[in-house]
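Novice: Sequence:
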Amino acid sequence: MADGEMRSGLTWSQLIEDGRFDVTTPESNRVVRLEGLEAPWSLESVLYRRRNVINIPFELQSGGEPERVRLVLTDQGSRLTWMVHDQNDHPTTDRAVIALPVNATFRHSGSRHVRLSYPDLSGRYDVSDLPAGVHLVAALSGIQEGDLHDAPMFQETAAAGAEGAIETGMVSRFDVQITR
Numbered sequence: 001m002a003d004g005e006m007r008s009g010l011t012w013s014q015l016i017e018d019g020r021f022d023v024t025t026p027e028s029n030r031v032v033r034l035e036g037l038e039a040p041w042s043l044e045s046v047l048y049r050r051r052n053v054i055n056i057p058f059e060l061q062s063g064g065e066p067e068r069v070r071l072v073l074t075d076q077g078s079r080l081t082w083m084v085h086d087q088n089d090h091p092t093t094d095r096a097v098i099a100l101p102v103n104a105t106f107r108h109s110g111s112r113h114v115r116l117s118y119p120d121l122s123g124r125y126d127v128s129d130l131p132a133g134v135h136l137v138a139a140l141s142g143i144q145e146g147d148l149h150d151a152p153m154f155q156e157t158a159a160a161g162a163e164g165a166i167e168t169g170m171v172s173r174f175d176v177q178i179t180r
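Yeah, the sequence shown ends on 180 if you go by our numbering, and it's all consecutive.
In case anyone wonders, no lab produced these hints; they're calculated from the structure.
Idealized CB from N, CA, C, for every residue including glycine.
Mixed in with the good hints there might be a few duds.
Taking CB as the label site, the calculated pair distances span [claimed, not checked]:
| # | residue 1 | residue 2 | range |
| --- | --- | --- | --- |
| 1 | Asp120 | Asn52 | 32 to 40 Å |
| 2 | Asp18 | Ser122 | 39 to 47 Å |
| 3 | Val171 | Arg50 | 29 to 37 Å |
Whole structure, please, built from the sequences with the hints as guidance.
Specialist: Put into structure tokens, the structure is as follows:
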């Protein structure tokens, strides 16, 4: 987390020594995401007013009583990995691998259910920190991190994607076959 920095409409916060964090932000709906956690740690839940709001934008208001937001971390992160193959079953490296949830409700900017990865030189990809569930996985050309906020990209990925199930704390292997 960076100190009060704004990027892509996201607000970054400052960690205080006692484990609290300070968010300097205009009032509006926010989602909480952590970056830079070392493997195998990932964000499991965000508790706000006794509710888990990890997938729900919520409003933080300035000027009133400080609000308590509890972040729960887990070392039971899930991963999706394996190979990207072309039509002739050869490993390929020229496509981005995108994982989207089957449930379209979770396909939005900042969603922890949407991930992008690039295959290494052997065609192997690795998508970390996906929540358990069924995802659509596709390998597409011309996709970059900034496209993960674009509804047409979500539709293109869903149309080209194949379903892959991910279980909590497990490494799921899923071959991605390029069909077009």
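Novice: Taking the hints in turn, state whether each one holds.
Specialist: Against the structure, the hints:
no.: 1; hint: Asp120 x Asn52: 32 to 40 Å; verdict: 35 Å, holds
no.: 2; hint: Asp18 x Ser122: 39 to 47 Å; verdict: 45 Å, holds
no.: 3; hint: Val171 x Arg50: 29 to 37 Å; verdict: 33 Å, holds
Checked against the numbered hints above, the structure breaks none of them.
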